[in-house]
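Enquirer: Using the hints, position chains B and C against chain A.
Here the protein sequences line up with chains A, B and C, keeping their order.
Under my numbering, the residue at position 9 of the first sequence is numbered 9, and the numbers go up by one with no gaps.
Under my numbering, the residue at position 35 of the second sequence is numbered 35, and the numbers go up by one with no gaps.
Under my numbering, the residue at position 48 of the third sequence is numbered 48, and the numbers go up by one with no gaps.
Just so you know, the hints here were simulated from the structure itself, not pulled from any lab data.
Don't take every hint at face value.
What the hints assert, rightly or not - If you anchor each label on the Cβ, the simulated ranges turn out as follows:
| hint | chain 1 | residue 1 | chain 2 | residue 2 | range |
| --- | --- | --- | --- | --- | --- |
| 1 | B | A11 | A | V116 | 46 to 54 Å |
| 2 | B | L193 | A | E141 | 52 to 60 Å |
| 3 | C | V135 | A | T228 | 52 to 60 Å |
Stated by the list, open to error - The calculated DSSO-like cross-link candidates involving lysine-lysine, where the alpha carbons are at most 27 Å apart (straight line), are:
| hint | chain 1 | residue 1 | chain 2 | residue 2 |
| --- | --- | --- | --- | --- |
| 4 | A | K245 | C | K64 |
| 5 | A | K90 | C | K560 |
| 6 | C | K516 | C | K27 |
| 7 | C | K560 | A | K101 |
| 8 | C | K516 | A | K247 |
| 9 | A | K90 | C | K359 |
| 10 | C | K359 | A | K101 |
| 11 | C | K483 | A | K245 |
| 12 | A | K255 | A | K267 |
| 13 | A | K90 | C | K441 |
Yeah, the Cβ is synthetic: ideal placement off N, Cα and C, and Gly gets one too.
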Amino acid sequence: MRTRSRWGLCPRTPGLLRAAAAALSAAALFTGGVAMAKPQPGSGIGLPVDASVEGHRIDWLMNTTNVMTGVLFLIMVGWLIYASLIHNRKHEARYDHGTSKRSMTLALAMAGSVFVFVDGNLFFNSTMDLENVFHNFEKIEKDPSTIRVEVNAHQWAWDLRYAGPDGKFNTKDDIISLNDLRIPVGTPVIFNVASTDVLHAFNLPNFRAKVDAVPGQINRFWIEAKETGEFQIVCAQHCGTNHYKMKGIVTVLSKEDYARWAEQATKVSARVYDENDEAAHWGWEWKSE
Amino acid sequence: MGTIVELRPRAREDFTQSLGMMIGLASWTMMFGALFFMYFGMRANAPMWPPAGTPRLPVALPAVNTAVLAASSLALWRGVSQLAKGRRGALAPWVGVAMVLGIAFVTLQVMGWRTQLAAGLLPSSGAYGSVFYGLTALHAVHVAAGLLVLLVVLVRSLLGTYTEHNVIRVRVAAMFWHFVDAVWLLMFVSIYLF
Amino acid sequence: MEQHIHPEPTNFIWKYVFTIDHKVIAKQFLFTGLTFLLVGGTLAMMIRWQWAFPWGAPVPVIGKLLLPTTGGAITPPAYASIFTMHGLIMIFWAITPILIGAFGNFTIPLMIGARDMAFPRLNMYSYWMFFVSSVFVVLSFTSQLGAASGGWTTYPPLSTNVGSPGWGQTYMALAIFSTGISTIMGGINYIVTVIRFRAPGMGYMQMPLTIWGMWLTAILNVLFVPVLGSAALLLALDRLFGTRFFVAGAAVGTHGGDPMLFQHLFWIFGHPEVYILILPAWGIVCDLLSFFARKPAFWYRGSVFAMVAVTVLSAVVYGHHMYQTGMAPLLGLGFEILTLTISVPAVLLFVNWLNTIWKGSIRLQTPMLFALGMVFVFGAGGLTGLLLGTISTDIYLHDTMYVVGHFHLTMAAASFLASFAALYFWFPKMFGRMMNETLGKFHFWGSVIFITLVFGGQLLAGYSGQHRRLFDPFQYEYITHLKLLNRWTSYFAFALFFTQTTFVFNFFFSIFAGKKATDNPWEVTTLDWTHTATPPVYHNFDVVPTVVRGPHEYANPEVKRLLKRDWIDQVEAMPEAASAGIVVGAEPEALGAE
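So that you can see chain A by itself, here it is in the shape it has in the complex:
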């Protein structure tokens, strides 16, 4: 009887082998568990800070799914390790084509339950969240306190435009900004995003929100900040040489600070307004449908 297995281990008895297999599987489970522990956002490995009111839905769905898939993964690893070690050359193979009604039903049941529980959870929650929250533009458009921002993405910066006191875009009192988005806390902000050259994507990772900027098309999304602070704007679609530094800053201010800033910014924009500069009037009529 062989005392050395092919790759140098020295299990002398089946009992020892089983113990080794069990220990390995347990170790895998433990490591997996540690790796899945909820990370600290903002540092180390883990989701970035969530400064949004609704982003937690996405975080919850990701984490729940990770737990479920993590368990499935560890079962698979354990299975592979156990079978490889225990059902080895010395083990007598079982003659089974897997075509008994029981086998086929079991296989289908396993596939089916993953579908129902994991996929089902994902689909249900995602659909609810999209319909009630993320794609619920009607509700946001109706809200009188909603701030509207037009985003013109181009190589390689973000042109931003607020309607200003007159509520209309492409007028003299529009607040114009480059890469500097300021929004008040606790207020819905809705975006019209477009591009004039190549594809870009306007991405606010700390608000779990992004949408592509497509030339010839206006895309929308909305967010609401729940805490003040400075966060990132990231370009999320390869757009050429300087795609990697097409960044901006989102500053969430208190409602009073925002009002004060908006008042100042309108005045500044009006002062530099040049009615002959066609290129500067890149704004469009707000798309609300």
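Expert: Structure of chains B and C alone, referenced to chain A:
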């Protein structure tokens, strides 16, 4: 002499050949299908089609061209069926007719393009110009390829390569030609008429 | 239907260059593919170098050669070309020729009992068309304004003259078009060969699962590569003749094109493409797990059903690559339902794999190790796909390294591990010699461990918010703390790259000086091993065998009792039945999995 017409044993090899061509044509159908998908997508997105200010496309010339290509297919079909009946000499003339009609098609297409260019419709004239020239030019490339195939068939038939026992070789080439004709019919209807 | 026996050519040109022998064409694809694997891998190392040392440290060894103007340091535009060419080369010039071109060509006729492909000359044209496409790839690198740099996805308007001037992108459009033609030619051959030239008695349900994988892949290739061809063609027209299919926005006066149309065309091809790259791997793994566990493949028909279901569904899930483009919500929902549904057959296949090895008598030889490794990485990768297939979670994860980790695990790692499994397995049949087992095992462990660390690292980075295709990801303050993670992922990547030298040495050494192989060293049941010489003669089979059962008849107690071995091939009659005078009815065993 003493020829026994061995049609049955060859039938299986023949099917292999035509299966290969049919799958190839399925592939080509997907390519043209993608182009039509693009065309209809552009049309659906456009507020108006043809866009305002676009010179109108003629109907008479392309209609004539459709008839020309259809006649070409008929000629080829005639030649192949004659060959299948054993009249080996009949193939070459009909292939010749098909080729002449094919060349006429390309000529008329070029004439049509020149008229459109003169009227101000360019390939760079936005979506409409791109679709018009893109689709018809790609089709014309396939007609040219088909003409090359027919040339090979013509030469081989003159050399006596084809008999009623290996008709499949001509049939397979003919399938491609008929395919090109069918694609044109679709283009004629959807680009010029629709 | 049986093919005639033709005499073998003796002239060098007809024997090795313009050969029509599927076995030699397979080797042509294999060597060309392995060469491009090296190129693609080197490009990957350059990406990892940039992320490990983002302050512009010159790339060692090859840096000064490839980037002379900067002394070996990678610049942003060079970086864009590097990741673009890495993706394109790996998909079209590495995996496709190795897994599909080489192993499809080699295994299909041998495993179904045919003497060659249905259209041997078409086969030869297919390889040389592929060669032409590789020339275009090389030309792209020589372009003054750089090789293609719009990402492998080549989205316009960036990939039009507006965003990418110069010949680099145009050459790649031509390269893609010509490799597409090669693939379609090959696909036609594979489909017709499997339909028409199976040995007598080999119904579709007696084919090895490898052949199912190759056949379904060929069907997808034939149907969907033309769609990519048309997209590449329209892009070429935009670049060369000034058409406006995809140019929109301020770059065009009025009535411009629509960049979104390209995305539709691209992904109508692109999603089936990922299944094209994995179906042969699935088929090969299904067979190898059975062969080396000495057990029948668990629920053969279930696996066939799963592969067919995936093939059919692959056509209608493509929109999940476009969730963030502003699609109509209803359309997105439809794609989401179908995308989640396509996971069901994949899970079924998985379950069948796990059940195949359970209670087996597993021989952990190198091909089996790689097959198990493939199961492992595909399991991990597949599970990560769920978050990407769901719209709300994709809002956060789209364009991050999570996507990159996901598709590398499922597409790159799984396909390559399966390719290596196939290589180690069929090497004796191809070259008449054995590869070294110890080196093979070292290659396996190094590859799997480092693959897990590298792509696991990418998943973590993406989850933490790092985006893809960034020359310097740490420009963004919120991920500067991921520098260490990236540095270590790069170290593991370099280790993965260098592990492959074991394989290179083993491969070339064994071709010339490996131990001579017996006819069936793995003791497996398929026609390629049981009824051909090692390596096979030119016409494969002197006599085309008649098949009486499926290819996974292992561990049958009757066989053990009567033949004193744990396997019986697809052709042998069961001795007792024969001696008892009972006619060997094809029914009971040919139905194999029933």
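Enquirer: Hints the structure violates: just list their numbers, smallest first.
Expert: 2 and 8
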